[in-house]
Every structure is written in C-alpha cells, then in structure tokens.
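**Student:** Chains as they are written, first to last, in UniProt numbering: chain A, 1 to 334; chain B, 1 to 233.
Hints may be right or wrong, so weigh each one.
Said to hold, decoys possible - Chain B is faced by these chain A residues, among others (derived, beta-carbon under 10 Å):
no., residue
1, Ala-23
2, Asp-29
3, Val-32
4, Gly-108
5, Leu-115
6, Gly-193
7, Arg-267
8, Trp-268
9, Arg-272
10, Gln-274
11, His-275
12, Asp-276
13, Ile-280
14, Arg-303
15, Ala-311
Claimed, not checked - What follows is a set of in silico ranges between Cβ atoms, one per label pair, in the way DEER data are often shown:
no., chain 1, residue 1, chain 2, residue 2, range
16, A, Ala-196, B, Leu-177, 47 to 53 Å
17, B, Gln-128, A, Arg-81, 27 to 33 Å
18, A, Glu-270, B, Arg-226, 58 to 64 Å
19, A, Phe-178, B, Glu-220, 41 to 47 Å
20, B, Asn-174, A, Ala-195, 35 to 41 Å
21, B, Arg-226, A, Arg-181, 26 to 32 Å
22, B, Pro-138, A, Phe-178, 43 to 49 Å
23, A, Arg-49, B, Glu-64, 23 to 29 Å
24, B, Ala-231, A, Glu-270, 52 to 58 Å
25, B, Asp-149, A, Pro-45, 55 to 61 Å
Hints were generated in silico from the structure; no laboratory data involved. The beta carbon of each residue, even a glycine, is placed where N, CA and C say it ideally should be.
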Amino acid sequence: MAAVTASHTTQATAGSTDGADGALAAAFDAAVAAEERIEPRDWMPDAYRASLVRQMAQHAHSEIIGMQPEANWITRAPSLRRKAILIAKVQDEAGHGLYLYSAAETLGTGREELLDKLHAGRQRYSSIFNYPTLTWADVGAIGWLVDGAAITNQVPLCRCSYGPYARAMVRICKEESFHQRQGYELLLALSNGTAAQHEMAQDAVNRWWWPSLMMFGPPDDASSHSAQSMTWKIKRHSNDELRQRFVDICVPQAEVLGLTLPDPDLRWNEERGQHDFGAIDWTEFQEVLKGNGPCNEQRLTQRRRAHEEGAWVRDAAAAYAQKQTVVPNGEATA
Amino acid sequence: MTATLALGDDALVLSHRLAEWAGHAPVLEEEVALANIALDLLGQARLLLSLAGDEDELAYLREERAFRNVQLVEQPNGDFAHTIARQLYFSVYQHGLYEQLSAGDGEFAGLAAKAVKEVAYHRDHAEQWTLRLGDGTPESHDRMQHAVDALWRFTGELFQPVEGVEVEWKTLRNDWLASVTAVLERATLTVPAGPQSGGWTAGAGRQGIHTEPFGRMIAEMQHLHRSHPGASW
Numbered sequence: 001m002a003a004v005t006a007s008h009t010t011q012a013t014a015g016s017t018d019g020a021d022g023a024l025a026a027a028f029d030a031a032v033a034a035e036e037r038i039e040p041r042d043w044m045p046d047a048y049r050a051s052l053v054r055q056m057a058q059h060a061h062s063e064i065i066g067m068q069p070e071a072n073w074i075t076r077a078p079s080l081r082r083k084a085i086l087i088a089k090v091q092d093e094a095g096h097g098l099y100l101y102s103a104a105e106t107l108g109t110g111r112e113e114l115l116d117k118l119h120a121g122r123q124r125y126s127s128i129f130n131y132p133t134l135t136w137a138d139v140g141a142i143g144w145l146v147d148g149a150a151i152t153n154q155v156p157l158c159r160c161s162y163g164p165y166a167r168a169m170v171r172i173c174k175e176e177s178f179h180q181r182q183g184y185e186l187l188l189a190l191s192n193g194t195a196a197q198h199e200m201a202q203d204a205v206n207r208w209w210w211p212s213l214m215m216f217g218p219p220d221d222a223s224s225h226s227a228q229s230m231t232w233k234i235k236r237h238s239n240d241e242l243r244q245r246f247v248d249i250c251v252p253q254a255e256v257l258g259l260t261l262p263d264p265d266l267r268w269n270e271e272r273g274q275h276d277f278g279a280i281d282w283t284e285f286q287e288v289l290k291g292n293g294p295c296n297e298q299r300l301t302q303r304r305r306a307h308e309e310g311a312w313v314r315d316a317a318a319a320y321a322q323k324q325t326v327v328p329n330g331e332a333t334a
Numbered sequence: 001m002t003a004t005l006a007l008g009d010d011a012l013v014l015s016h017r018l019a020e021w022a023g024h025a026p027v028l029e030e031e032v033a034l035a036n037i038a039l040d041l042l043g044q045a046r047l048l049l050s051l052a053g054d055e056d057e058l059a060y061l062r063e064e065r066a067f068r069n070v071q072l073v074e075q076p077n078g079d080f081a082h083t084i085a086r087q088l089y090f091s092v093y094q095h096g097l098y099e100q101l102s103a104g105d106g107e108f109a110g111l112a113a114k115a116v117k118e119v120a121y122h123r124d125h126a127e128q129w130t131l132r133l134g135d136g137t138p139e140s141h142d143r144m145q146h147a148v149d150a151l152w153r154f155t156g157e158l159f160q161p162v163e164g165v166e167v168e169w170k171t172l173r174n175d176w177l178a179s180v181t182a183v184l185e186r187a188t189l190t191v192p193a194g195p196q197s198g199g200w201t202a203g204a205g206r207q208g209i210h211t212e213p214f215g216r217m218i219a220e221m222q223h224l225h226r227s228h229p230g231a232s233w
C-alpha cells in the first residue's frame, strides 16, 4: 500500500478534488483486489472505515461482555485444574478485548469512546452472551460450541483486508482454538462421567446449540452489511456458508462426545455433501438483539457498574501520573 | 503437613478472592492483572496441596475449621483499595518468606525459588497501586487509608511462627514493617498506630479459627464438587 500512502500525502497537501478522490478510491479498490493489506495511514473510503469500526468494536465488546457468563463459574469450578483453566481463559478474553480496542483505535476512534457507546447500548456485542450459564457443563458447551462458532467466523478474518484487524485475529485465533479444545475436553469428561454429569452435559448442549448457530448472523438474504463487507474483503464467506461449515464440523464431534444435537431435522444430505438442519428461530434472534434476551439487562448493568465503580480508581491513576510528570518548579517534564 | 497446608491455603484462598474480581475490575488492564495474580497463586496452592495429599480432596472436602490460611487472605474484596491493601500486606510478607525459604535447603526451597519470581511481580503491582491510590485524588487517598487501617489488625498473624517453616520470623516481620512503612509513606498514607493483631485473632487462622465471611466463601467454592461425590471432572 505504499503507493496509496504516497498519493494520499501528495493529494492532502495539494487539496482534495473529485479527480484526486477518484484516483485514491481506484488505488484502494486495486489494492483490495490484489489482496494487499490496508494499513492505518492509507487512504480508505469513509464507509470502509465506519464499517470496520462498527465490526471491530462489536468484536471487542463481545470479548469483554463474554467474560461474564464464564466468570460466573470461576468460584464454583469443581476441581483446581478446571478452575485454573477457566481463570486463564477469562484472562485471555480481557486480553483479546485489549488487542481489538487497540486495533480499532488505529482507525481514529478511542477505547473510552467505544466503551461509552457499549454502555449506552449504542454498539452491540454478540447475541450469544445474553444467555445464562446455569450449570458447570455450560462452561464446556461455551468452549466447544460458542468458541467453535467464533473460530469458524474468525479464521477467515485473519485474511481480512485491514491489516491491524487481520493481525489481531491471527493472535486471537491461536488462543481461541486452545480454549475450544479445553471446552470440548471438559464436555468429554462429563459425558463419560457419572449419569448425572452426562445429563448435565447433554442439557448444556441442548441449550447452547441454537444460540451458537445464531452467532453467524441473519440468513444471507437478510444480512444488511454482508455484500459490501465481502466486496471490501473484510468478510470472506457469507453467514450461511459459515453456519453450514460449522454444522458439518460439529456433527461428528458430537458423536465422539456421545451427545446429541437438539435438532430432529439434522441429517446428512448425500446430494449436497453437507448436513441439512432445522429452521432457526429468527424471532428469538431478533428479540435478543433488541435487548430482550434472558441476560441483556444483567450483562450491561454489570459492565456499567464495574465501569462506574471503577471511576475513582481511574481518576486516581490519572492524577498520580499527572503528578509524576511535574517537576518541583511546576513545569511539566514531558 | 501443618506447614504445607498453611502456605498452600494462603495461596488457595487469596487466589479465590482475586478471581472474584473477574468481570468487575475498574479497568481492563486490571482484569488481566488480577486474574494473572490469581492464577499464579492457584499454581502455588496446587503444588503445595499436592505435597500434602490430593489437591482436590484438600481444597473441596475439608470443613472450615480444617483450613490453615491466615485470616488476612480470606477477607472480602471490598472496594479496589481494600483488595490492594490486602495484596500489599500479603505479597510483601510472601515475598520475604519465599526469599528466605529459597535461600535455605528445606523442603520448600525449590518451590519458593520459582514462586518468589511471581510474588515479586505481585508485590510490585500492589506497591504501584498503593502509590497511585494513596497519592492520587483526595477520594482515593481516603479510601486507601481506610483500607490500610481496616486490614492492619490481620497483619500480626503473618508472623506467628508456623511449625515446619524454617525462617527467621523476627527478621521477616522487621523487613515487612520497614517495606510496608516505606511504601505507605511514599504514598502519603499514615502507618496505622494500633496493634497488628486484635487479641482474639492472633494465630487464629493457622489454628482453623476463621472470620465469618470465610465459611460462605468455601460453601460456594465446594458446593458443586460436594454435590457429586466421587465424580471426576
């Protein structure tokens, strides 16, 4: 993208004209078509920037809100080994949130601004985190299904046209795959454990299966951002393609687990070479997105409370830092 | 046995308290830091409890009266200042303790040599936050002073000799007092004037006498494990 950067600099000093914008847009389109990475200082269409900010903020918020359903079980984890794994996982999620906010900041926004929008309900997070974790097995179901769906969505993002986002995803996907295997192994232990443990595992899968399929977003004919995102190579596959891929991956894994998936219409389709599966309840999906899911209120309230109750701590850190940069005669050193 | 349980329970219980912060921290960086410290302590607890027996049996199947941790680590998190004051008092103590243990040739020397590196980081984190809160805003100063005062009476127990832990307890206490005093003063805070132990708390946690919040904490910690006797996870 060096060429576009150079022309951007030239045009910025020369003043912007329609012709110049047209040249920049053409160079941008050519770079995207050639699978080059767009970097923070490169020219990009305003709508591309806005679309990335929206998607990356939503992604970052999902990591942060997503800590809650799992942290809900840290203090009750049934063995010290599982407890250590769960703490490490929740810690990783906070780290992923930090990477993603940093990546979003390269687009000219700020973490504070994004968090304010989350707290005000003006930016979304993944619908999945509005479901409650009711048993220990839910921790395993989240690892297997929710992280599995996230990885299916995110691996193609490692080739996203925006460099900082793509690089964040490479790091995040490595850790996510690890979490996903741990979740699967947790469910496997339960499934092969006592009758009560097996039942707990099956119940969790029953409750998390459909919400996990909804993580891929609305069907292709109802997805408002998809076409543009695919043209810009932010997105590489359609929602329905990724959802199908996920179902095909999960079916044999469920068999190994010795658990069933709660869909009477799920069967192998020889002709398509893929699984057919039942209809998703899009009304439920819309309700959850509108804020009417089981935990929407609780999740946002906890996030806002942590932020509000932490305000005096952040103020203290800022005041202390300010004092450290001031020398005795009152002049700032920095 | 007494020694491994005392050191192991301290780490186990404080780890649990710190992990309660997950999802509630004042800033994302602290989500990472508090979880990181909780994880280090849990690792230490697992090594120590495994020396004494089966880690899960010891963590999940002992009653309140059989735990040997000091009362300081079981104190509820309170606000961020309380968590930091508790962490400052404990990590300065644990750092001194593990430094001495790692220099000796007792049964904890190897473990202490590994743990002392982690604890140095915990100590630095607690000291930095003590400075920021103490010398931050008037509100943070008041909150930090309140926390430092409120937890002071649990610090005397840290220096009650534990059978099987081969350290110079007097040196440990003197060094602790010098370090904590220096940090509090730099943080513009007042070192509490009262005794370091209320009469009734001295040595209590080490003998299985705990404060009321502890029973509720282990009820939550043990509930699931106890509901499925003999199950593996």
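**Student:** Indicate, hint by hint, whether the structure satisfies it.
**Tutor:** Structure-based check of all given hints:
1. For A:Ala-23, the suggested interface contact is broken, since its CB lies about 41 Å from the closest CB of chain B, more than 10 Å.
2. With 10 Å as the threshold, the beta carbon of A:Asp-29 stays out of range of chain B, its nearest partner Cβ sitting at about 36 Å, so the hint is violated.
3. Below 10 Å, beta-carbon pairs count as interface contacts, and A:Val-32 has none with chain B, the closest being about 32 Å; its hint is therefore violated.
4. About 20 Å separates the beta-carbon of A:Gly-108 from the nearest beta-carbon of chain B, more than 10 Å, and the hint is not met.
5. Against a cut-off of 10 Å between C-beta atoms, the interface hint on A:Leu-115 holds, since the closest Cβ of chain B lies about 9 Å away.
6. Annotation: A:Gly-193 was flagged as interfacial toward chain B, and the flag holds, the nearest CB pair being 6 Å apart, inside 10 Å.
7. A least Cβ separation of about 34 Å between A:Arg-267 and chain B goes past the 10 Å threshold, and the interface hint is therefore violated.
8. A hinted interface residue such as A:Trp-268 counts as satisfied when its beta carbon comes closer than 10 Å to some beta carbon of chain B; here the least separation is about 33 Å, so the hint is violated.
9. A distance limit of 10 Å between C-beta atoms decides the matter here; for A:Arg-272 the minimum to chain B is near 39 Å, and the interface restraint is violated.
10. Restraint check, A:Gln-274 versus chain B: the minimum CB separation of about 35 Å is more than 10 Å; hint violated.
11. Proximity of A:His-275 to chain B is violated relative to the hint, the smallest CB-CB distance being about 31 Å (cut-off 10 Å).
12. The criterion of a C-beta within 10 Å of any C-beta in chain B is not met by A:Asp-276, whose closest approach is roughly 36 Å, and the hint is violated.
13. A cut of 10 Å between beta carbons decides the hint on A:Ile-280: the least distance to chain B is about 29 Å, and the hint is violated.
14. Hint status for A:Arg-303 relative to chain B: holds, with the closest Cβ pair at about 8 Å, below 10 Å.
15. Nearest Cβ of chain B to the Cβ of A:Ala-311: about 8 Å, under the 10 Å cut. The hint holds.
16. The beta-carbon spacing between A:Ala-196 and B:Leu-177, approximately 52 Å, falls within the hinted interval of 47 to 53 Å.
17. Checked against the given bound of 27 to 33 Å, the beta carbons of B:Gln-128 and A:Arg-81, roughly 31 Å apart, stay inside it.
18. Separation of A:Glu-270 from B:Arg-226 is about 49 Å and departs from the stated range, judged on CB atoms against 58 to 64 Å.
19. Taking the beta carbon of each, A:Phe-178 and B:Glu-220 are about 27 Å apart, not inside 41 to 47 Å as hinted.
20. Distance hint check for B:Asn-174 and A:Ala-195: the Cβ-Cβ separation is about 58 Å, which falls outside the suggested range of 35 to 41 Å.
21. A hinted range of 26 to 32 Å holds for the C-beta pair B:Arg-226 and A:Arg-181, which are about 28 Å apart.
22. In this structure the hint that B:Pro-138 and A:Phe-178 lie 43 to 49 Å apart at CB holds, the actual value being about 45 Å.
23. Distance hint check: the CB atoms of A:Arg-49 and B:Glu-64 are about 57 Å apart, inconsistent with the given range 23 to 29 Å.
24. Between B:Ala-231 and A:Glu-270, the C-beta spacing of about 41 Å breaks the proposed range 52 to 58 Å.
25. A beta carbon spacing of about 58 Å between B:Asp-149 and A:Pro-45 agrees with the range 55 to 61 Å that was offered as a hint.
Hints 1, 2, 3, 4, 7, 8, 9, 10, 11, 12, 13, 18, 19, 20, 23, 24, counting from the list given before, are not met by this structure.
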